[in-house]
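Asker: This is what each chain is made of:
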Amino acid sequence: EDAEAPSRGSEIKRVRTCCRGCGKMECGVWVTVENGRAIKSEGDQSSFQSSGNHCGKGQASIQAAYHPDRIYHPLKRTNPKGEDPGWVRITWDEAMDTIGEKFTEIIDQYGGQSIFNMCGTSRQWVYGPYCFYKWLFDTPNAHVASEICKGPRRLMGSITSVDGAPWMALRDGPRVYVQWGTAPENSNYDDSCRNLVDQMNNADVHICIDPRLSGSGKEADYWLNLRPGTDGALALCWQHIILKHDLVDWEFVKRWSNASFLVVEDMEPTGGRYYELFTPMAGSTADSPAPPADVVGTKLKTRLLKESDVVEGGSPRKFYAWNKNANGGQGGLVLWDVDTTQWEGCNHVAPTRDQMEVMYAGTSQEGYLPPISYNELVEAGIDLDMHDSHEVTLADGSKHTARPVWSYLEESVADCTPEWCAEITGLDPALVEEACVVWATRPEGQTYGNGGIHLQLAPDQIGNCTQSVRAILHLMYMTGNFDGPAGNRGLTRSPLDEQATGVPGSNMPQEVKAQLISLGVIPVEGVEPDPMNVPDRIETLSNMVSADRFPLLAYYNEWSDATRIWNACIEGDPYPLKGGINESGSFMNMSNANLAWEALSKLDFWVDINMFHHPGTEMADIILPCQHWLELNNIRVSQGASGGIGLTQRAIEPPADTKFDYDINRLLFETMERHGSPNGTWTNIAGDGPGAYHHDDRLEDWFQNNSKTNPKVKWEHWEDFRQDFQENGWINAKEIEPDRWGTYRRFETGWMRMGKDACTGKLFTCDEKGEPVNNFGCPTPTALVEFWPLLFENYCVDRANEIEPGRYDLLHEMMPHFDEPASGPGGGQVDLEEYPIILTTGRRIPVYFHSEHRQLPWCRELWPAPRLEMNPADAEKLGLKQGDWAWIETEWGKVRQCVDLYHGIAPGWANAEHAWWFPELPAPTHGFTLSNIECIWDPYGQDTHISSHHMRGVPVKIYKATPENCPDGKVIPCAPEDGTQIICDASDPRLKEWLPNYDIREEA
Amino acid sequence: MELQWPLILFTTLLAWAAGLFAAQCVWALRGKGARAQMPALITSAVLLVVGGIAVFFHLEHWERIFNGFGHMTSGITQELIAIVVLAVVMVVYFVYLRRGGDEAKVPTWLSIVGIVVAAILVIVMGHSYMMASLPAWNSLLQIASLLGAACGFGPATMALICAVRDESSDLDAKANLIGQAVNVVLVVAYLIAMQATAGSYTAVEFWFDPTSPTMDITPDGSTAPFSGASLAWAVVAIVAAVAGLGSALAGRAKGDWKVWGAVGAACVLVSALALRAVFYMTGVSIYPFF
Amino acid sequence: MATNAIVTDLNRCVGCLACMVACKAVNNVPIGSYWNKVLRIGPSLKPGATSAHDVEMYYLPVQCQHCENPECVKVCPTQASHVTEDGTVQIDKSKCIGCQFCAMACPYGVRYLNEEERVVEKCTLCEQITAQGGLPQCVIQCGGRARFFGDLEQGIDTFEAPAVGYDVDRSYDNLYTGNRVTLGELAVEYGDADVHHLPDVGNGPHFAYILRDREWKGGE
Ligand SMILES: Nc1nc2c(c(=O)[nH]1)N[C@H]1C(S)=C(S)[C@@H](COP(=O)(O)OP(=O)(O)OC[C@H]3O[C@@H](n4cnc5c(=O)[nH]c(N)nc54)[C@H](O)[C@@H]3O)O[C@H]1N2
Ligand SMILES: Nc1nc2c(c(=O)[nH]1)N[C@H]1C(S)=C(S)[C@@H](COP(=O)(O)OP(=O)(O)OC[C@H]3O[C@@H](n4cnc5c(=O)[nH]c(N)nc54)[C@H](O)[C@@H]3O)O[C@H]1N2
Ligand code: SF4
Ligand code: SF4
Ligand code: SF4
Ligand code: SF4
Ligand code: SF4
Ligand SMILES: [Mo]
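Protein chains in written order, with the numbering used here: chain A, 1 to 1004; chain B, 1 to 290; chain C, 1 to 220.
Just so you know, the hints here were simulated from the structure itself, not pulled from any lab data. Please note that the accuracy of each hint is not assured.
Residues from chain A shown here face chain B by an in silico Cβ test under 7 Å; the list is partial [unchecked claim]:
id : residue
1  : 862
2  : 863
3  : 865
4  : 867
5  : 881
6  : 887
7  : 898
8  : 901
9  : 977
10 : 980
11 : 986
12 : 989
Pairs of lysine-lysine, BS3-like flavour, derived with a Cα cap of 25 Å [to be verified]:
id : chain 1 : residue 1 : chain 2 : residue 2
13 : C       : 93        : A       : 881
14 : C       : 46        : A       : 877
15 : C       : 93        : A       : 602
16 : C       : 93        : A       : 992
Backbone N, C-alpha and C define an ideal beta-carbon position, used for all residues, glycine too.
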C-alpha cells in the first residue's frame, strides 16, 4: 500500500488527514511527507468544521513521532514501585502472557470488579477503558476524565433531553454569542480558534462569562467576571430575568417539554418502565423492532401524575397536564402519551421539507428548520396551564393538590434577583440583567432564538456541577435554543463512527448481556430466562465502587468516583481494587494526585499503554507502546455539533515495536481468552466469526458490512472512503444525514429520539421503511425535554435518600439551585482567614494538552514553566513580583508556580495551571509533586450527585517561595530524587536534546 | 546587551592609538621629544594592530570580509576607511621620521594632518555606534567620551615615552593636565547623558513574553548607568578618570613621568574599559520586549 | 517592485501562539530563538478604572517589521542585509560576517546570531513561499485569521488571509495559491486612528497593527 505509507525515495507526498495533537477538535490537516518523513503539517481548508485551523500544539505534535524519549518497545519493571522502575525491554508475547496471567489471577482471587480501568480524555481510539475493558473484566469501575470533563454536561443533557445537549452549533453563527466558561482560542474545544474568532466577530453582541479576562473575552461586549465557581447563581438569575421580562419561548416550552406536567408532591412515587437514552435494546430497525418499553424499559417512579395514578389499569407512560380549555373552560386534565409521543387529540405528523425554512443557504451550515407545531395544541383545544394548583383524585379515591412543574421552576428562581446574584457572584446587577435581556430578546419576527449558550468546561469542574449545569440547560430550553439554528444541538450524527470499528465485535456491555440473558436470547447454563423481569442497567452495575454514594453513576456507567477508587486501592473499602489498566489517562487530573500516587503504589498489577514515560507510567508493571496519529488509520467524526466527517490517515510508517491502540485492545482480549475468560472472545464486525485481525483489515470489514445495511455508507470499501477523502476532503454530516443532522428541531420530525451513539444509535420506534413513527420529542423517559427529570428524581433523590435517609430534600433538589460547593469558599469547611484567595484552574495552555507535549521542544520553549495569574494588588501585598516563584497551599498540600501579574483577574482571586510535571526530571515522580495543582485538592470536595471534583473556586493561601521555605533552599523547583532543576526558560539547552531523532525508529 | 569584550578592547585600543599618534604630532609641532617620536609611532601602530586583531574576535566569519565588504553607510566600513587612512598617514610619518634620523622632524602639515586624521578616526569609530535604536549610545557625547579617552591616553603615553627617552619637557605636564581634565569632563558628561536617556525607552507597565515566564518585568534600571549592575562600572570609570587627572597633577609636581605617565595611561585605560562596559550594559533597545 | 508586509488585526488576535510554532515548522529556527513572538500587552486597568472589571489587554505579535529605512541595512558592512525588490529586508547569509551590528541597530531586537551557522538571522517574511505566490506560514496558520499579507502600495484593505473553504478547490496547492479573503472583506471596520506601528526611530516599520476600542501601549 504505497499510497498510504510513502516509502523512501526523494519524493514529496501530501497526505490529507486529521490532526490528533489533542483529543478535542477534529482539525483537518495536510501532512507533508518527504522521503518517508513527516516534515510539516498545515491546516486543510476543506476542513470546514475547523475552518482550516491548525493550532500550535498540533503543528508541534509531529515532533512527538520522532522524539528520542518515545517508548518504542514493551517494557517491564525490575525495581519495586516508588523507585526508578529500571525498565527492561520485552517482547509483545512476554508482555501479553504476563498480562493475561496476572489479570486472571486477580479475577480468580477477588473477582472482576477488583480491576479498574483508567482513561483521560485523550484520543478517540482509546475507548477501551470507557467501555469494552469493562466488558472484558466484567467490572463497572473506571477512573475516566469524563467525571470532570463533558460528563456532567453530557449526563445532564442525557437525562433532560438528549446526549450532549449543550453542544452548540457555533459555526452557524449566533446573533448573540454567549461564551460560558470556555476559551476555545486555546482549547479548540469542539470548535476551533478560527470558528470562535469568526463567530465572535460576526455576532451582533458577544457576552463572555469568565472570571478572568481571556484572549477571546477581551473582545466581548459584556464581560461577566463572576467569582469562580458561582455559575449556578448566575444561571438562576438569568432564569429569573427571563421570567421577569417574559422572554420565554412558550410555544416550545408548552409543546415540547414536561413543564406543564402535574406534580403531586404528597404522592408515593409510582411508575413503570420507560425507554430512555441508555435503555439497552432501545432501538429498532426495519427488520428488528425493539422489545416494548414494558419489557426492556428502565424502571422509574415519579410524582408526576400519570394515567396509571388516576385510572385503574392506566398507563404509567401517559402523563397529565392541565388544560385550561377543557370542560368548556372550567379546565381539566389532558394527556401526553409517551408511547405515541402525541398530546391527546393531536395527530402530529412530521413536517415535510417544503414546510421547512432553509437556513444558511449555500454554506456548509445549510439546514432545514421546521416550524414549531404549537398550533396543533391550539387546534386540539389545549391551553396548558403552567402556574396554578389543581385538585386531582387518584384511583384510590384520595384527593391531592397537583401543580405544574413550571410553577416549581418559577418558585425556585423567584428570589434569584440580580441583586441576589451580585451578592454571590460579585457582578454588577445591572450588567447581569442587561446582558441576559440582550441575549434572550429576539428581533421582531425571528422565529428562533438568538443562538444557544456556548457552555463548555468550567461549570463541569465546580463542586455543584449537577445543579449548575442543569440551571444553564434550563436557559437554553426556555429560550427555544434547543436544537435551533446556532443552538444547542447535541452531538453530530453520522453514518460513520470511529468507535464502531474498534469495538470487539459482538462482545457487549454487561448490562446488555444481562438483559439478553434475561430475555433468553443468550442462553446461560443454570439461568432461567425471565422476560418479565429484565434487569435494569443500575441493577447490573450497582456493584460499582461509589454507587452507594452516587447512584446515578451506576446507571450512567461511565465513571466511578475517582477518590473512592483510590480509597478502595488503599483501604480495600467497599472491596479491594487490585489492578487494572491505564490507556491514556493521567492520575493527576482530579481528586488528589498524592492520594492517587499512593493508591497506584498499592496495586498488584498495573498496565499502562502510552507513547511516553509519565509519572503515571512509572507506577506500571508493564508498559505497552502505542502509535502516533501520523502512523495510523482511524475514522473521525466531530464530537461536538460541527458536523465534520473525515479520517486520520496513516502518513508515515510506525516505528519499532509500537502498535495502534485498537490492536492492543484486541491483544488484551486475546490473552484473556487464552487464559480462560469467555469475555475475551473478539469477533469480526459482522459478529459471525473470530475477529482477531489487524485494524486496517477491520476497517475494510466495517465498510463492506455497513455499506450493505446503511445506504448512507456509500463507500463499499475502506479504500473507496480513503480515496474519496484524499481527493475531496471533509464530508459534511448535514449533507449526508439531512434528517438525522441536517434538520433542526428534530423533536418535530422524529429524528431525535434515538439511542446514544452516532452510528449505532437507533430510532426508538420506526416503520418498516426505517422512518420514525410515533417517535417525536427526545430520548427521555417522557419523550419531552424534562424540566422535571425522572431519572434525576429516581436516582439522585429517591434512591440516594433510600441509602442515606434524609440526605436530600426533594423539592429543593428537583429544581436547579445554588448551594455553595463544600470545598469552595462558601462551603463552610475551609478557614477563609487561613486560605483567603479563591483559586481557579484549568485555563488551557495553547501548546500543551494537559500533561502532554511537555517534552516537545516547540511546545516547551514557548511555555517553559507553570504560571500563577494574580492580580497585581494581591501580589504587591504578598511581596510578589512578576516571575517570582510562589507557594500555593491548601490543607491538602502545596506546590510552586511562577507569578504572572494579571489585572485580568480580580483581587482576591487567582488562576493556576494544571497537569504540570517535568520530563527532564528523573523517574519515578518526574517532579509531579513540585507544581501539579492536583496535589493540593480536597479529594472529598465532589459534587454531591455525580461526584465530579471541585477545581474552580478553591480557597488557597499564596506566599513567596524563598530559600528558607523551599526544599534544599532552592526556590526554583528541583527533582526530589536528585536535585536536577526544572527547565523554566526557552534558552535552556536541554530543550535541544529533545529534537527529533530519525534514527531511533529505524534501529529499534 | 552583553559585554562585547572584543569591541570594548577594539575601541579602547584604537582611541589609545589615535590619542598617542595625535599626541606625538602635537609634540612634533612644539618641537619636543624628537627621540620619542619613533618609539611613539611604533607603540601607536602596535596598539592599532592589536585593536584590529581584537575586533576579529568579534566577527563570526572574518574570512568573508574579503567578499563584498564596503557598504558605505555602514559605520564599520567607515571605520575601516578611517583606520586605513590613519595607517597611511602613519606610514608617511614614518618615512619622514626615518629620513630625519635621530633629529626626527616631520613637516608641520603632516603633524596637523596626523592630528586631524586621528581625531576623525575616533569620531568615525564613535559614530558607528550611534544607533537610533539604542538611546544610551545615540549621543554625541558618546563620541566625545572616546575623544576624551584619546586625550587622556595620548599625553600620558607620550610623557612616559619621553621620560624613557630622557626627553621630558614642560609640555608633558601641560598636555597631561589638559588631556586628563578633558577625559574626566567627557566621561562624566557621557554618563550623565546616558542617564538622561531614561525616558526614551518604550514602556508598558504590564506585559508578558511567554517564553520567559521567570523574567521580572519591573524596570531594573539597566538603561541607567547609575543603577543596578552598571553602577559599579560607572563609578570605576569616573574614579579612574579622576585618578588619571591626579596622576597628571602628581606628574607635574614630581616630574617623574616614567611613573606618572604610566599611571596616567593605566588610569585612562581602566576608565575607558569601564565606561565601555557601562556602554554595553546600558545598550538597551528602545523597544526592549522581544 | 512591491512593499510586502503583514498587517495584524489585534482585535482578532487571541494569543493562540499558532504563528510562533508555524514559523518554526518551516523556517528551521533554532530552539530558544524566535522570528516572531506574541507578547501579551496588559492586562492593565483602563484609564479611570473604578473596579477590577475595567481592564483591557491585547496580544502583540512582533517580528521583523521590514522597514522603509532599515537601520540594520544601514549598518551592515557587507550588504548581507539588504532591501529586496519586494520591499522586504533579507540577509544573504553567505555574505554575513556575523558582526551583529545589525542586531544592535534594529530597534525591536528581532535579529540574533544563529550559533550554529554563526550568521545573523530573522524573519524573512517567508520569501521562499511568497515568491511562489503563497502566503507566509504565520499568516496561513494564524488561529484567529488576524494576520494579513500584502503589498502596502495596494493599500492594506487588499491584504490577504486564507479563506474558509467549502465550495472551493480543495487541493493542497490551493492552500497556498488560492482561496483567500481580504482584510477589507473580513475585518470589522476600523479608522485611521486604529492603525498603529511599532515605535519609529526613523526606520519606518512597514508592518501595521489594527487595534480598535483600546489604548495602544508603548508609543508609535
Ligand atoms: N491547548 C489545550 N487545549 C485543550 C486542552 C488542553 O489541555 N490544552 N484540553 C482539552 C479539554 S480535555 C477540554 S475539556 C477543553 C476545555 O476547554 P474550555 O471549555 O475552553 O475550558 P478551559 O480553557 O478550561 O476554561 C475556559 C475558561 O474558563 C474560565 N473559568 C475558570 N473558572 C471558571 C468559573 O468558575 N466559571 C466560569 N464561567 N469560567 C471559569 C477560565 O478563566 C477560562 O478562560 O479544552 C481542550 N483543549
Ligand atoms: N485542575 C484542573 N485539572 C484538570 C482540568 C482542569 O481544568 N483543571 N481539566 C480536566 C480535564 S477537562 C480533563 S479532560 C483531564 C485530562 O486528563 P488526562 O486525559 O488524563 O490527561 P493527559 O495529560 O491528556 O493524559 C493523557 C495520557 O495519554 C497518553 N497518550 C496520548 N496519546 C495517546 C494514545 O494515542 N494512546 C494512548 N494509549 N495513550 C496516549 C499521554 O502520553 C498521556 O500520558 O484533566 C482534568 N484535570
Ligand atoms: S486543536 Fe487539536 S486537533 Fe486541532 S490542530 Fe490543535 S492539536 Fe490538532
Ligand atoms: S525591524 Fe529591524 S531587522 Fe527588520 S528591517 Fe527593521 S531594522 Fe531591520
Ligand atoms: S551580522 Fe551580518 S547581516 Fe548583520 S551587519 Fe554584520 S554582516 Fe551585516
Ligand atoms: S513571515 Fe514567515 S518568517 Fe516571518 S515570522 Fe512569519 S512565518 Fe516566520
Ligand atoms: S496565530 Fe494569529 S491569533 Fe494566534 S497569536 Fe498568532 S497572530 Fe494571534
Ligand atoms: Mo477535558
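Asker: The structure should be examined with respect to each hint, and the outcome stated for every one.
Answerer: For each hint, the structure was consulted:
no.: 1; hint: 862; result: 6 Å, holds
no.: 2; hint: 863; result: 6 Å, holds
no.: 3; hint: 865; result: 5 Å, holds
no.: 4; hint: 867; result: 5 Å, holds
no.: 5; hint: 881; result: 5 Å, holds
no.: 6; hint: 887; result: 16 Å, violated
no.: 7; hint: 898; result: 5 Å, holds
no.: 8; hint: 901; result: 6 Å, holds
no.: 9; hint: 977; result: 23 Å, violated
no.: 10; hint: 980; result: 17 Å, violated
no.: 11; hint: 986; result: 4 Å, holds
no.: 12; hint: 989; result: 15 Å, violated
no.: 13; hint: C:93 - A:881; result: 41 Å, violated
no.: 14; hint: C:46 - A:877; result: 21 Å, holds
no.: 15; hint: C:93 - A:602; result: 59 Å, violated
no.: 16; hint: C:93 - A:992; result: 23 Å, holds
Checked against the numbered hints listed earlier, the structure breaks hints 6, 9, 10, 12, 13 and 15; every other hint is satisfied.
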